[in-house]
Amino acid sequence: MMVEILKVEQLSGGYSHNKPIIHDLSFQVGAGELVGLVGLNGAGKSTTIKHILGLMEPFKGTIQVDGHAIKESVTDYRSHLAYIPETPNLYEQLTLREHLEAAAMAYGLDQTTYEERMPQLLSLFRMENRLEWFPGHFSKGMKQKVMIMCAFLVEPDLYVVDEPFVGLDPIGIQAFLDLMVDMKVKGAGILMSTHILSTAEQYCDRFILLHEGRIAMQGTMDELRESVGDPKVSLHDIYVSVAKGEEPWKK
Amino acid sequence: MEKVETLWSRRLSEHWQMTSRYLKLLSNSGFMFTLYILIIGGGYFYQQWVKGLPTTFPTEWILLILFSFFIIRSPIRTLLRSADLVFLLPLEDKLAGYFKKAMVYSFILQSIPLIFVWAIALPLYLHTVDTRFSAYGATLVVLIIIKGWNILCAWQENYLLEANGYKWARGVVSLLFIGLLLFEAPWYALALLVVITVGLTLFSFHPLSQSHLLKWEVLLEIEERQAANFDRFANLITDVPHMKNRIKPRRYLNSVTEIFSFGSNSVFKRFFSKTFLRSGEYFGIYIRLIIVGAIVIWMVSGELSSVIIAVITVYLTAMQLLPMWSSGQVEEGPALLYPIPEQVRQKNFLTIFMFLLTLEALLLAIISCLVGIPILFAFLILAVGIVFSFLFTYGYASRKLHKEAD
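Chains as they are written, first to last, in UniProt numbering: chain A, 1 to 251; chain B, 1 to 406.
Isolated chain A, as found in the complex (with noise of 0.2 Å):
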C-alpha cells in the first residue's frame, strides 16, 4: 500500500455556495508519485489547487495533507507542503537571498541545511549573480525561478505546482525537471498543474483530467488508454477528446 501523501475526498467547493466551481473531487497524489492536473481555462485547477492550499474553504469533503487536515492546524498542515504559484508574487523589498532565507527559516531548515541546499539550487537555475539583487529587476522567468528555489529549498512532502512551464527558459525547465525526478525518489509528492501535455506525458506518473469541475478521467498513461480503448493515443488527443465534452471512455 502506497503512503498517501495528499487526499482528496469528494471535494466541492467554489466561491458561492449556488455556484459550486469544483463537484465531487476525489483523488489521491502518494509518496513518489507525480500527478498531472489537466483541464481547459476554467475545468477548476485552479480552485482545486486553492482549496488544497487552504486558501478557500470546502462546502463539503476533506483534504488531507500527510493525514492532517487544516482544521487541525494550519501552521502543521501548511509545513508539508510548498507552493509554486503560476504568477510568481515577489516582495519588493526583499534580495532573491533574502526571499530564500525568509522560506528556509519559515519551514523551520536549521542553517547549515540552507547553506548547503542554497548554492546549489542557485547555480541549477543559473542565478548566482543574482544573488542580491531585488525582485524590481527580475523578467517573469526568473521570478518563477525564485519561487521554484524557494519550494525546493524546504523539501516538503508536498508540492503543489502551478503551470510551472510558462515563461522559463529551457535550463530552468530541465532543472526543474530534475528536481522533481530528486524530490520523487525521496518520497515526495507533487501535484502539477499544466497545458504542456508532452512534457506532462513524459514525466508525470497519473493524470486528473478536470472538466467542468468534475473529474472527466484519472489514472496512468495506461489506464487511460485502456479506457479509451486505443493503445496508442496519446495524452493530447484524449485531452482534446475530453475538453470538446467527447465522453471518449464511453466509446
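Derived by calculation from the structure, the hints in this document are not laboratory data. Be aware that one or more of the hints could be misleading.
Stated by the list, open to error - Derived DSS-like pairs: lysine-lysine, alpha-carbon spacing no greater than 25 Å straight-line:
#	chain 1	residue 1	chain 2	residue 2
1	B	Lys94	A	Lys143
2	B	Lys248	A	Lys143
3	B	Lys248	A	Lys140
Guided by the hints, dock chain B onto chain A, whose structure is given.
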C-alpha cells in the same frame, strides 16, 4: 473604436475625476484648515520680516535656487498607462497631437507653482533688489519662456535612455539665464546666452527626435513616478489603494536586520525591519519626524514642554508606521503560506514597532540633552516615551491587528 484625437481629453478628464476626489477629501480634512492658518499667519509675519531686512539681503541667490528648482524640474505628464505600451505603440505616428497636448498641459501645470513663488517673493524683491515693479514683471515673462523651453527640451530628452548630459546642459543654461536676469546683467550678456540657447536647441536638442526612437518606457516611468508622488501625498490623509511603493535598497543598513537569529521566530522580525528600512517612505518619515521633533524641542526650549513635544512626536511616528503591517503586502507574496501562526506574525511586528518607538524616545532624550534641556527632563522624556510606546504598541496597535485578522 475611439479616435486618437479625443484620447487626450478623455484621459485628462478621467485623471481629474480621480484627482479631484482626493483633493475633495483633502479640503475636508484638517489639513486645509492648518494650511489657511499658516498662510494667513505666515503672510503677516512675512510682511513684518521683509520690512526689517537690509537691502544687502541675498534675495537674488534665494530666488535663483527657488526659480531654478521649479523651472529645471520639467517632467512631462503624459497620462500614459502601462497597457499603452501594447495598444498605443503602433499609433505612435498619430500621437504627435496627443503628446503636444501633454506638453502644453505640463507647461501650464508647472507654471502655476512658479507664478506662486514669483508672487510670494514680490515684496521681498521690491524691498531688497529693485523697487521697479516693471523689472520684476519682465522677469516673470522671461521665467515663463524659460519654463517653456525646458518643457520642449525635456520632451526631446525622452528620445534617449540616458539623457543626463542633456539634462545638465539644460540645467546650466537655465540657471545662467535666471541668474543673469536676477542680477540684472547687461543686455549683451543675455543676448549672448539667447544665441547659445537657440544654437543648443537647434543643433543638440531638436535632432534627438529626428535621429532616435521615442523611449516609451521612459515616458511611462516619468508618468508613474509623478502619479506616485501625488498618491504618497494623498496617502497622508486617506488610504490610496492602488499606491505603488518604490524601494530604496539602503544596503548600508543591511547588517541591522541580520541581528535576528536564523529561525522561524525571526522570519517576520527580519521581514518588517527590512520593510521599514527599504519600502515606501517609512524610514524617511521616521528620520524626518525625529528631526522636526528635535527642532521644535530646541526652539521651545521648555522643560515640561519638551516632554510633551517628544511624546507627540512618538505618537505621530506611531501613526505613520502602523500601516506597515498591511502595506508590506504580506498576503500577496509567498509568506501567505508560511507555516507560521498569525499570533507569531503579529508578535514579531509589534516587537519591531515597539523597538522603533523606544529608539525614537531615546534619540529625542539624547538630543534634548544636547540642546540644553536639564538631564532630569531628558530622563523624563525617555521614561514617558517608553511608557507611551508600550501602551500604544500593546494596547492600541495590538488590538487593531487582532481586529484586522478577523
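For each hint, the structure was consulted:
1. B:Lys94 - A:Lys143: violated (36 Å)
2. B:Lys248 - A:Lys143: holds (19 Å)
3. B:Lys248 - A:Lys140: holds (21 Å)
Hint 1 from the earlier list is the only one contradicted by this structure; the remaining hints agree with it.
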